[in-house]
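Chain order of the listed sequences is Z and Y. The first sequence begins at 1 in our numbering and counts up by one. The second sequence begins at 1 in our numbering and counts up by one.
If you are wondering where the hints come from, they were derived from the structure by calculation, not from laboratory data. Where a beta carbon is used, it is the ideal one built from N, C-alpha and C, also for glycine. Do not rely on the hints blindly, as some may be mistaken.
[Unchecked claim] Which bits of chain Z does chain Y cover? Going by a derived footprint, with three or more residues having C-beta under 8 angstroms, they are: (1) 44-53; (2) 63-69; (3) 216-230; (4) 290-300; (5) 315-329.
[Unchecked claim] DSS-like cross-link-like pairs, simulated, lysine-lysine; straight-line CA separation at most 27 angstroms: (6) LYS195(Z) x LYS310(Y); (7) LYS5(Z) x LYS166(Y); (8) LYS282(Y) x LYS310(Y).
Number of protein chains: 2
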Amino acid sequence: MNFEKYYTNRAKPLQASGIREMFKLMADPAVISLAGGSPDPDLFPTEELSEIAADILKNDGKKALAYGTTDGYGPLKEELKKRAEKVDSFTSEDKIIITTGGQQGLDLAARVVVEDNEDIVVEAPSFVGTLNSLRSVRANLIGVPMDSDGMNMEKLEETLKNRKVKLIYTIPNFQNPTGITMSLEKRKKMLELAKKYDCLIMEDNPYGDLRFGGEYVPTIKSLDTEGRVIYVSSMSKILSPGLRVGYIVCRAELCDKIEIMKQVNDVHTPCLTQMIACEFLKRYNIDDYIKKACEVYGRKCRFMLDCMDKYFPDGIEWTKPEGGLFILVTCPDTIDAVKLSEIAIKEYKVAFVPSNNFATDMSAKTSSFRLNYSTMPEDKIEEGIKAVGAMLTDMLK
Amino acid sequence: MNFEKYYTNRAKPLQASGIREMFKLMADPAVISLAGGSPDPDLFPTEELSEIAADILKNDGKKALAYGTTDGYGPLKEELKKRAEKVDSFTSEDKIIITTGGQQGLDLAARVVVEDNEDIVVEAPSFVGTLNSLRSVRANLIGVPMDSDGMNMEKLEETLKNRKVKLIYTIPNFQNPTGITMSLEKRKKMLELAKKYDCLIMEDNPYGDLRFGGEYVPTIKSLDTEGRVIYVSSMSKILSPGLRVGYIVCRAELCDKIEIMKQVNDVHTPCLTQMIACEFLKRYNIDDYIKKACEVYGRKCRFMLDCMDKYFPDGIEWTKPEGGLFILVTCPDTIDAVKLSEIAIKEYKVAFVPSNNFATDMSAKTSSFRLNYSTMPEDKIEEGIKAVGAMLTDMLK
């Protein structure tokens with residue numbers, strides 16, 4: 001049977017994420033992976049979570065194994081509400097629901113507010129998971145370029161003026177894949193434009209806690225008095241991505257609708273993983289844990305930047321993040337980053353992600369690529385950057 | 001802000017499941033719930049799972065807490081493949097992926113194959129979770145009535161002849177909400193009709209293992225040589241619903257597409273819950289555990305049927321399931337089952353689910369309701385049935 005004819009228009013254009021396909025090649029332990037977006041596995045509190053999981057199943061097993069409510073485990077909602085309140089992103093008019101990772105929050109919100117063929121603004125480049133989620137609801141993606149302090153506001157206004165945009169998707173802190181942080185001025189401007197042109201904003205903030213330099217910038221959600229901002233975050237980057245515990249905060253009315261969409265989608269997020277995350281937040285001070293992670297990532301980031309200074313040839317540019325997990329490298333136009341990455345993994349066993357994966361048009365040529373510094377130890381980072389530097393030097397000769 | 005205008009056409013008609021709303025009323029521990037669809041919590045192997053969870057996080061914690069692959073944890077896929085093979089529902093041309101509960105499998109398949117406004121056949125009545133999932137992809141639901149041995153095949157053929165149906169959704173074993181099992185003859189006929197009129201079949205089999213009477217009937221998937229059947233099952237009814245571990249089996253090409261839709265939806269099902277389920281299947285013989293569950297459910301079902309014989313007035317009819325969790329009760333047309341259920345919970349603290357929840361048109365009047373016998377102890381079952389019987393006797397006077 002040929003299944004092609006049965007596929008929906010929303011499913012037809014979907015392709016496997018290049019990054020996750022690359023993960024399969026990376027099963028080879030000899031590969032130096034600068035491709036992922038995972039926290040450092042050495043930071044996972046495995047002993048603490050082992051104890052917590054055993055306690056929960058022993059003492060509260062029936063609750064952990066039974067059906068739970070769609071909006072999430074009550075005590076975890078309280079704990080994550082506190083995390084949102086810490087960045088002034090939860091008001092008395094808001095609700096919170098727990099999602100199966102941040103990705104589900106983004107996907108559910110897209111299903112609720114993004115109609116077929118509607119114009120949606122995204123940062124160019126942006127997070128592939130959300131781009132694909134928006135593609136799956138048949139959004140018309142419009143990329144607005146990034147400056148060193150976030151989305152270009154003149155281009156954004158021009159777009160909003162000429163198109164009927166429903167939603168603006170942004171990762172204001174340590175953006176994926178650029179590592180760029182949006183300035184406070186631009187956050188205010190984006191909100192003002194959203195109001196002027198009547199759009200919603202989806203603020204994705206998985207990395208916000210991972211600041212190791214510069215000054216704290218308020219979330220867009222905290223500046224919003226109307227309820228235009230749908231705030232999505234998760235515990236993936238501060239505790240564990242594998243637990244799949246994320247959350248979404250927005251006005252109660254909208255949140256209720258998203259909750260129904262979640263009910264349709266997976267009934268509820270597993271109770272056990274929610275209870276484990278909750279108990280960790282109760283027994284330990286996660287801010288101590290985050291502080292340690294920031295020290296590690298700050299050190300690794302500086303180390304990678306130093307290596308790039310040392311090994312990369314003239315003519316290559318890159319971002320200097322104040323937090324998060326990523327650096328974006330931009331080469332002269334003569335470099336084809338897709339080809340570069342293919343050679344890198346095959347011949348040098350070094351993996352990184354070319355920027356076509358983060359583009360609204362994945363088939364467009366790109367001369368930039370994303371590097372991750374959180375997962376590899378420093379000797380591997382140096383080895384990887386040295387190899388990439390040698391390739392680039394060779395290609396630019 | 002009024003959010004109504006931002007909602008998509010797929011989100012607008014979605015309403016919270018009446019059953020899950022009822023769960024909120026049922027927080028009162030005095031309520032006798034014959035409404036749920038959960039396994040008996042006394043059967044949960046909490047001690048065993050506590051030990052397993054602790055071991056996994058202690059010995060393999062980095063894997064349990066890191067990102068996993070979208071298709072699922074490899075060793076669990078192998079274990080669940082064996083479960084599917086046990087009912088001849090996995091061929092060499094098939095693939096399996098792990099889903100966040102069976103619900104996600106049904107929802108992902110719907111997103112991949114059901115286009116806006118396409119005609120989809122469902123059993124009338126049918127499982128509300130799937131009906132809502134199909135509504136969320138804007139399917140045009142067509143209910144085909146049930147006989148005592150499954151969907152009426154004349155009505156099905158008439159429908160297929162007159163409409164362009166893309167998919168037939170069925171729960172052939174111990175159907176939710178009727179408890180009815182489809183005969184082998186009808187399974188063959190459904191497949192034959194699907195072939196003749198070129199439709200796919202979504203076979204939902206969460207209860208198949210829970211047979212306590214009658215003879216085993218082969219799955220529709222096992223009869224399918226072409227790849228028309230998408231087979232969905234889960235560990236929710238045989239181990240724990242709260243772990244949210246389901247799976248989907250179908251032809252590799254289609255499964256790959258569903259996998260991409262899953263990537264977009266929640267990246268992957270939590271690693272920890274998958275590893276726990278896997279380790280349970282490895283350390284213990286789940287068939288022993290299922291055997292015990294069947295004994296319990298068979299006993300409770302017979303007990304409930306006996307109570308109904310004793311307390312229900314003449315003129316009331318009900319199904320006699322050979323497995324699963326549900327009995328469907330049909331009253332004379334003068335009884336409004338929605339009103340009945342409202343009075344039952346408010347005045348008698350007895351909960352059950354009126355059949356409008358399982359209808360393609362939820363606003364239609366119904367005189368039938370679903371009873372569950374798996375969760376309550378026998379004294380509560382008797383108390384509940386006695387109260388419902390008294391109400392019905394009173395109403396039919």
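A quick look at each hint next to the structure:
1. 44-53: Our answer is that it holds, as 7 residues pass the Cβ test (under 8 angstroms) against chain Y, meeting three.
2. 63-69: holds (count 7)
3. 216-230: holds (count 3)
4. 290-300: violated (count 0)
5. 315-329: violated (count 0)
6. LYS195(Z) x LYS310(Y): violated (65 angstroms)
7. LYS5(Z) x LYS166(Y): holds (11 angstroms)
8. LYS282(Y) x LYS310(Y): Violated. LYS282(Y) to LYS310(Y) sits at ~44 angstroms, over the 27 angstroms cutoff.
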